[in-house]
Amino acid sequence: MEVDWSSLHVLANASELVIDGLLSISPATQTRPSELPEMFWDKMQEMHGQDVMLVLEKRLSATDVKRHASRLSIPMGQMRASFLTGKEIRALDNKEEIAVSLIEPCLHVRHGLQLRKWNHKRDNFSYVLAKEWTDVAHPFERNGLEVGCLVRLWSFRTNGDLCFCLVNVEAPPPDAVENMANLE
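Position in the sequence shown (from 1) plus 439 gives the number in my numbering.
Treat the hints with care, since some could be wrong.
Claimed, not checked - Derived DSS-like pairs: lysine-lysine, alpha-carbon spacing no greater than 25 Å straight-line:
no. : residue 1 : residue 2
1   : Lys560    : Lys497
2   : Lys570    : Lys526
3   : Lys534    : Lys482
4   : Lys570    : Lys534
5   : Lys534    : Lys505
6   : Lys560    : Lys534
7   : Lys570    : Lys482
8   : Lys526    : Lys505
9   : Lys570    : Lys560
10  : Lys482    : Lys497
11  : Lys505    : Lys570
12  : Lys482    : Lys560
To be clear, the hints were calculated from the coordinates, so they are not data collected in a lab.
Using the sequences and the hints, build the whole thing.
As structure tokens, then:
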């Protein structure tokens, strides 16, 4: 049997494009993750979203919802998936910001947020969603985001562009505000 090396070259290039997030499977072949509520999946599909993955599950801290802080922290140690392409990682490492869109818990799509990388000590860092974050967290009634809420942050791609979906999973426990304030 003779090997068609040109086909292998095409496959290798396609594989590299998938790794970099520039090529993905069609939305019709994707299945909804069981933890993602149907209404959020439907919204992603409306946006022609692909490559859905859970990035983070966390309880919101006091600084995540403070108006003047205006950012949602995505700590390195809590990330569940590698959701960035190589090009995006390099941009963030070079202190560039990435414009992203976010499906809010109320299903409103907010554009104009920015993903940034905050370096801490040594090899420790966090990504943060910033710029329009205060409009997502406030007013409280729209998205129900408060200290101690359990949220899940999902990433997906629309036309190769990075997008997020924030799901408010659980109201905070009664003592969460006091306990979270003590940790800050």
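Of the numbered hints stated previously, which ones are contradicted by the structure, given in increasing order?
3, 8 and 12
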